[in-house]
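S.K.: Chain by chain, the residues run as shown.
Number of protein chains: 2
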Amino acid sequence: MKIMPAGAFALERQVVYGSEEQNRRVKSIIEHVRSEGDAALRSFAQEFDGVTVDQLRVSEAEIQAAYARVDESFLAAIREAADNIRRFHEKQKRTSWMDLQADGSILGQIMRPLRRVGLYVPGGKAAYPSSVLMNAIPAQVAGVPEIVMVTPPATAGVAGIDPHILVAAAEAGVSEIYRVGGAQAVAALAYGTESIPAADKIVGPGNIYVALAKRYVFGVVDIDSIAGPSEIVVLADDTADPAYVAADLLSQAEHDEMASAILVTPSAALAKAVAAEVDRQLESLPRRAIAEKSIRDNGVILTVATLEAGVRVVNQLAPEHLEILAADPFQHLSAIENAGAIFLGPYSSEPVGDYFAGPNHVLPTNGTARFSSPLNVDHFMKKSSVIYYSKEAIQQNGDKIMALARHEGLEAHARAIQIRLQKEGIARG
Amino acid sequence: MKIMPAGAFALERQVVYGSEEQNRRVKSIIEHVRSEGDAALRSFAQEFDGVTVDQLRVSEAEIQAAYARVDESFLAAIREAADNIRRFHEKQKRTSWMDLQADGSILGQIMRPLRRVGLYVPGGKAAYPSSVLMNAIPAQVAGVPEIVMVTPPATAGVAGIDPHILVAAAEAGVSEIYRVGGAQAVAALAYGTESIPAADKIVGPGNIYVALAKRYVFGVVDIDSIAGPSEIVVLADDTADPAYVAADLLSQAEHDEMASAILVTPSAALAKAVAAEVDRQLESLPRRAIAEKSIRDNGVILTVATLEAGVRVVNQLAPEHLEILAADPFQHLSAIENAGAIFLGPYSSEPVGDYFAGPNHVLPTNGTARFSSPLNVDHFMKKSSVIYYSKEAIQQNGDKIMALARHEGLEAHARAIQIRLQKEGIARG
Chain L
513 MKIMPAGAFA LERQVVYGSE EQNRRVKSII EHVRSEGDAA LRSFAQEFDG
563 VTVDQLRVSE AEIQAAYARV DESFLAAIRE AADNIRRFHE KQKRTSWMDL
613 QADGSILGQI MRPLRRVGLY VPGGKAAYPS SVLMNAIPAQ VAGVPEIVMV
663 TPPATAGVAG IDPHILVAAA EAGVSEIYRV GGAQAVAALA YGTESIPAAD
713 KIVGPGNIYV ALAKRYVFGV VDIDSIAGPS EIVVLADDTA DPAYVAADLL
763 SQAEHDEMAS AILVTPSAAL AKAVAAEVDR QLESLPRRAI AEKSIRDNGV
813 ILTVATLEAG VRVVNQLAPE HLEILAADPF QHLSAIENAG AIFLGPYSSE
863 PVGDYFAGPN HVLPTNGTAR FSSPLNVDHF MKKSSVIYYS KEAIQQNGDK
913 IMALARHEGL EAHARAIQIR LQKEGIARG
Chain X
513 MKIMPAGAFA LERQVVYGSE EQNRRVKSII EHVRSEGDAA LRSFAQEFDG
563 VTVDQLRVSE AEIQAAYARV DESFLAAIRE AADNIRRFHE KQKRTSWMDL
613 QADGSILGQI MRPLRRVGLY VPGGKAAYPS SVLMNAIPAQ VAGVPEIVMV
663 TPPATAGVAG IDPHILVAAA EAGVSEIYRV GGAQAVAALA YGTESIPAAD
713 KIVGPGNIYV ALAKRYVFGV VDIDSIAGPS EIVVLADDTA DPAYVAADLL
763 SQAEHDEMAS AILVTPSAAL AKAVAAEVDR QLESLPRRAI AEKSIRDNGV
813 ILTVATLEAG VRVVNQLAPE HLEILAADPF QHLSAIENAG AIFLGPYSSE
863 PVGDYFAGPN HVLPTNGTAR FSSPLNVDHF MKKSSVIYYS KEAIQQNGDK
913 IMALARHEGL EAHARAIQIR LQKEGIARG
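Chains as they are written, first to last, in the numbering used here: chain L, 513 to 941; chain X, 513 to 941.
Incorrect hints may appear among the rest.
One copy or any two copies: either way a pair holds, since identical chains are not told apart in the list.
In silico lysine-lysine, DSBU-like type, Cα no more than 30 Å apart, as pairs [said to hold, decoys possible]:
1. Lys935 - Lys784
2. Lys603 - Lys784
3. Lys603 - Lys805
4. Lys805 - Lys935
5. Lys637 - Lys539
6. Lys784 - Lys903
7. Lys935 - Lys603
8. Lys903 - Lys603
9. Lys514 - Lys805
10. Lys605 - Lys912
11. Lys784 - Lys605
12. Lys912 - Lys805
13. Lys784 - Lys637
14. Lys935 - Lys514
15. Lys603 - Lys912
16. Lys637 - Lys912
17. Lys637 - Lys903
18. Lys903 - Lys935
19. Lys784 - Lys514
The hints are simulated quantities; they were obtained by calculation from the structure and are not laboratory data.
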């Protein structure tokens, strides 16, 4: 790994808009699904997935068949992970509230789950059961009654779907599963077809076509953010074990060649030791080619004068994952402004959070931790304001409201108040 | 107003994408600001606003001059409204939390304000002081240290800006104000220029170019939702005063010709009376032409069998504003799934919420109340997860985490755990 002073480094970030050709194709797929419905979904399954799809919806019997195909230890681990994730997300749940005023008015905020949420799950090797749990459980905890999964069909698996994905979905409270992928699945969730009712929100990772389709339907439905490449920043001092740091950097680097793994440290000794450890550990990794390219292209060790200076670098990077391996990791927590998930101390290796601890692994990438949050229960709820104004309140404040409305030239607004004051005046007289 | 059975009515909703030409212009303006910075802003001010802008930033002296230009009663009303808005939004504020586990691990969620937020305020007649309060105060309550307002310059006002807007901004905690509008202002907030540092989020209403520019920069920064035309639905039974209902429908209709005002009622008598009242009240309205066209094109009275059936219609419409004028309005509150703000009872006329009561008047339009919320403090905060895993926790759960990682083919993830188990094992041995 390159070692350089932090001041000499600038992270290049790119927002993905796709090419004009990609956008045209996505738009055409979406319009096709809007006009042709299920027929378009079947024809795209044939064209893009090479699969003839008869029933779009996965049956209860197929889900039961999937359970028979996964082993006990997988099921037990998934269930324990799901319990942890559920317990953490339960703590995020908020209640509706009322504020009772002295004049008899009541103001309030109502919290409600979305009615129907679509979860996109990629096909093939990028289909991760852990990702199904992380996307579906917050919706389940929010109380979303209809959680719909879509995933591209293949020829293998249980009726074209990896049985582990089906089991994870069932465990996480997914209520409907459809064999449809790509931009066409996003279109079906946004606009609905004969067999797939439209959803209110679409979440989950996907390829460039899925991302562009989500961007396109944003407004018709809500979407989660468009995920960029995965990132880790490790902030460490000379108390950190270089083998731990190297292993954690590599666990990020193996995701894909675009992933970035960065160490920020005031310790020249640690910098050197980690660089050597990365090389050593790389040698025996099954996904060595990917991890090596990721480390070479996007991995770097940034040296800083102090841990405090390191924190400033971290805030500029706004990483998806941040690990702090330092003598007293909590000492720096208050100063961290921008990070999706913060892992503190030697035992909080990032995979702990990817799979098991409970907090969500769907995190803001590409520097968006400046303004975005880990996937959470709020993402699956909506608020409504409540205003119950009393007679006393309108008598007391009516004139001021009318004055503000008239200042803005909105006379009908003022008159809606005036007509009440007049009638109440008559009632009083 | 037309009267028809609710079953015969379908609301057409359109997501605004703009024409190809409009998108091309917006993209070109944004790229120009990215490459030329302040010079581009000055040149666009000349071209689009017809104004020579020397200093982009409004000075403290200009803000003081604005105070001298507004009258006492306006200032008092704005301050009282701001207090109410602040008090309501304070109740939305959330704290960071920790969850201490039996094995010594600590999980948590940190809440932090965004650092820098941009507030777009339209120029000319569409510049509403109330809108400045409603957009800025939630950011102020969230604790955002830098709240930046941009607004297109004119030749009138205080140095080109309506003094009431400047005063509202100062009262609402806006920390910087710049004379720049249109897509170029959005570009400046997203990418920064020599005199305007980049923001993390952009909020506030604007014309089609502002909306398209916000859509374009989404991802570089966060944006609020793209506002559609304003809407009101009144759900009323025969206890409602037709004059109140008509006045409230018209207060929505006067906004613009695209605004929609809908009455849903089981009472044929109320339907007739409201239709007549709307005609009567329309006659003397200063904005009669706008309100009349809005009522004719987008106004409708929908008859239903019962209030319960009316609630189902409301949930389909998912209105921005909902008024319930019925014998016991709270009786229906639990069944309302989709509405931005809910006004209950005869005295809760919509302008009460537009100006004064405290809840936000920036609400989800165009049916997006299905998945979106009124502007609130959460929109100006971000969350980070915290994971502090204990030695005991990794010893207990390490094997399960490794199994899940290996199932997904991510060996480096498993090894990041394994290396810790091995070292701890050695330490123990």
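S.K.: Run through the hints listed earlier and report the numbers of any the structure violates, in increasing order.
M.R.: 2, 3, 7, 11, 13 and 17
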